[in-house]
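Based on the hints, put chain B in the right spot on chain A.
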Amino acid sequence: MSSLQMAALLSAPSSPVVAGSLRFVASSSTGRNGNALVVRSEVKIPTGLCARGVNLITHAVAEKTAAANTTDSKPGHELLLFEALREGLDEEMERDPTVCVMGEDVGHYGGSYKVTKGLATKYGDLRVLDTPIAENSFTGMGIGAAMTGLRPVVEGMNMGFLLLAYNQISNNCGMLHYTSGGQFKIPIVIRGPGGVGRQLGAEHSQRLESYLQSIPGLQMVACSTPYNAKGLMKAAIRSENPVVLFEHVLLYNLKERIPDEEYVLSLEEAEMVRPGEHVTILTYSRMRYHVMQAAKTLVNKGYDPEVIDIRSLKPFDLYTIGNSIKKTHRVLIVEECMRTGGIGASLRSAIIDNFWDYLDAPIICLSSQDVPTPYAGTLEDWTVVQPAQIVAAVEQICK
Amino acid sequence: MASSSLLRRAISSAPSSSLLRPMSARLFSSDETVLSIETSVPYTGHKIEPPSRIVETSPKELLSFFRDMALMRRMEIAADSLYKAKLIRGFCHLYDGQEAVAVGMEAAITKADGIITAYRDHCLFLGRGGTLVEAFAELMGRKAGCSNGKGGSMHFYKKDARFYGGHGIVGAQVPLGCGVAFAQKYNKEGAVTFALYGDGAANQGQLFEALNISALWDLPAILVCENNHYGMGTAEWRAAKSPSYYKRGDYVPGLKVDGMDALAVKQACKFAKEHALANGPIILEMDTYRYHGHSMSDPGSTYRTRDEISGIRQERDPLERIRKLILAHDITPASELKDIEKEIRKHVDDAIAQAKECPMPDESELFTNVYVKGYGVESFGPDRKEIRATLP
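Quick note, the sequences are listed as chains A and B, same order. Read in the numbering used here, the first sequence has 22 at position 22, and its numbers run on one by one without any break. Read in the numbering used here, the second sequence has 293 at position 293, and its numbers run on one by one without any break.
Next comes chain A alone, as it looks inside the complex:
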C-alpha cells in the first residue's frame, strides 16, 4: 500500500472498531494482516542494550520492491529533532494548501528553535505568519480561521506563554465543536516547547500538559524523538480535532536516523521503548531519557524494566499500557509535571480504575516538586526526577 493510501486510510473515518484492533490501523507488526500496509513496529532498542542478547527487529518496514539505493549503507536520513519537526511541517504544507503557521518570529527569523526555518521563503508571508506578541488574540485568530476550514499551526514560543491564550484554548478551541452541535470543527495544531530547560527560570519552565489535560475536546501528544516528532506533527495536522503537540526545550538537538518514506504515526498510541518483564515504567518527553539512563543501571543490577513512552497524553493508550501491566504487575510513572494535578496523577487513577486486579504493588509516581522552578542549577536538578530516584523507586517496587 502506498503512503498515499495509508494516509487516506488514516484520514478516512472508519466503521466502529473495537479498541483493541485500533492499534493496527497505523502501526502494528507485520504479518498481522496480509496487506503490505506500511507499518512500524514500536519496538526500539538502543544498540547495545539488549537484555537477553536476542536479535530483535528494530524497524519492521514494508520495503518497496525497488529498494532505494542510498549511498549510505543504512536506509533513511539522519537529522535533528527540530529538523524532523520542520520536515513534517514542510511536507504537510506542501500537501495541503490550507495549512499555515502562525507564531512569533516563525517567519523571517526562522523560528526561535529553528523549527520553521526556511518555510517563509518557500511558502510566503501569508502561509507562515509572523505575529505580534499577542498570544490571546493570535491563538483566537487561529481558532477562528480553523472554524472556516483552514488548518493553522499555532506556535507558542514557549508553552508557558500560551497561558495567556488559555481562555481561547479552553473555551473556544476545546468546546466549539460541542456547543455548536458538531457544526464547526477546529483542526488546529497548537505546538511549542515546554518543560524544564537549563536554568531558564520559573516562568519559562512550565509544563502546560497538566493545565490543559482537563479541557474536553482537546487531544494532547508529546514527542520525544525525531522519528515520533515528525510522525506526530503530521498526524496532528491531519487530525480534524484540535491537537496540542508538546515539544521539549532540551530535546531539539537529538539526532536520529529516520526513514525516507513518508509516515504518519497514530496520535493515540504509546511507544514501546524497551520491552521487559519486571516493571512497567511509563514516561514521556524528556523523562524518557532519564528513564533509559536509569534502565542501564537497573539492567546492571539485574532488573528488566519495560519502558513505555506514552506519547499520547490525552487520551492515554490504555491498551498498550494495560497489556504491559498484565505482564509485569508493577507500575512506575515518571513524569516532569508537578505532583499535584499532573499527567501522572490522571494516569495513576486511570490505571487503578481499569487494572487494579493486575497490580501487585502500589503504583509509584515520580514527578517534579510542587515548586516554581528555581534558577540555581543544583536546585533545578532537585526539582525534576533524576535517574537515581528512578532506580531507587524500581528497587522499592520490585522488593
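No wet-lab data here; the hints were simulated from the structure. Mixed in with the good hints there might be a few duds.
[To be verified] Partial chain B-side listing against chain A, Cβ under 10 Å, derived:
(1) Gln173
(2) Leu176
(3) Ala183
(4) Tyr291
[Stated by the list, open to error] Computed footprint of chain B on chain A; a stretch qualifies when at least three of its residues, placed anywhere within it, have a C-beta under 8 Å from a C-beta of chain B:
(5) 135-143
(6) 164-173
Every residue gets a Cβ at the ideal spot worked out from N, C-alpha and C, and that includes glycine.
Relative to chain A, chain B alone:
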C-alpha cells in the same frame, strides 16, 4: 448625564424626514421605487470621511425591515415569558431595542460575509436565516435546536450562513472574528467579517491585539461595537476613560452610527464593507439601547431610571421609526401593519408550541461531538475506553 444626552439625541429623530422625491399615495408594498431618506443623525468619522446621510431604500425593503424587526421583538419578548415560566434556564440575554443593528447589517451584506457576536445572539441568528423553531428549541434545550440543545442561549451557530456564534466569554469572539477574516483573505473570497462586541467588551485587551494584527495584515475585518451604554450594570462613563469607542482604534478608522436607525446601520455597513475589502479593518460604533436588563436576572432598573428606558422607547424605538416611515410614505395603511404584527405573534406562538413538543436530547448525545469522529470512536477520556455513564 448619560440619560439626558440620550434623550437629546432622541428628540432630533423626528419622523418627518426630508423627502427628495414626491410620492404618490398608496404604493404597492412590493414596489421597488427608490426612496431616498435622510438619517436623522449624521455619522461621525474618525480618520475617515463618513458616508452620505441620504440612504436609498424601497418600500419593499422598509416593509421587510418592519417584519424582521417585529419578529425579533416578538421573539425576545416571548423568550422573556418562557424564561419566567422556567422553560428557559441559565442565562438569557435579550436583544429587544437593538434590532436595527441586526436588520440593517443583514440588508447591507450577503451570506458569504461572516458575522460573529457575543451572547446576545438570538436576533442575529434569525437575521442570518435561522428559524424560530430552531431558536426556541435551543433555548429550551431540545434536540431540534440549532446546536442540538448542547449550546443554549449563548451558543447559537449557523455554519451554512456563516454565522459564527454565539460566545459567552466577553471579547473572546473578536480574535475569532479576525481569524475568520484572515481565512477569507487567505482563500481570496472577497468577503468581510463583522465581529460584534459591546461597550463592556471594548475594554478587553485582546480586541486591541486583534485589531493590531488585522491592521498589519490588511484583513477584511469590521469590528462593530454595539454600544448600549451599559456593561451589565456599569455605565460606559464608569468603565471607559474614553467612551468614544469608534475612536479607540487609533490608527484604524472608525464611524459612529445611530444604531436605532436601521437605514443608517445599513448605509454604514455597506460603506464599511467596501472600505474593509480595499483598506483593511474599520470600527463601527452603533449607538443603540437595550430595553431589558443585561440578562434575565438583571431587572435593568437599578443602574438606570425607568424614565430613561421609556424615553428611549418613545423617541428612538427602531420599530416605531420604521412604522412612521412606512406611514409617512403611504406604503401601507396602519391597519395592515397591525395585521402583520398579529400574524407574527401567531407565528411565534406556533413556533413555541412546536418547540415545546420537541424531545430533549438523547443520553448518548452527552458524548457526541466532543471530538470529530475518526477511527470510529465517539468520545474518550484520559483512558482509552469510551466513557459510558449510566445516568439516573
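Now the hints, each set against the structure:
1. Nearest Cβ of chain A to the Cβ of B:Gln173: about 8 Å, under the 10 Å cut. The hint holds.
2. At its closest, the beta carbon of B:Leu176 sits 4 Å from a beta carbon of chain A; the interface hint therefore holds under the 10 Å criterion.
3. Annotation: interface hint on B:Ala183 holds; nearest CB of chain A at approximately 4 Å, less than 10 Å.
4. Because the closest C-beta pair between B:Tyr291 and chain A is about 27 Å apart, greater than 10 Å, the hint is violated.
5. Taking a C-beta to C-beta cut-off of 8 Å, the region 135-143 of chain A contributes 8 residues in contact with chain B, enough for the three needed, and the coverage statement holds.
6. Counting residues of the region 164-173 of chain A whose C-beta lies closer than 8 Å to any C-beta of chain B gives 4; at least three are required, and the coverage claim holds.
Hint violations for this structure: number 4 only, all remaining hints satisfied.
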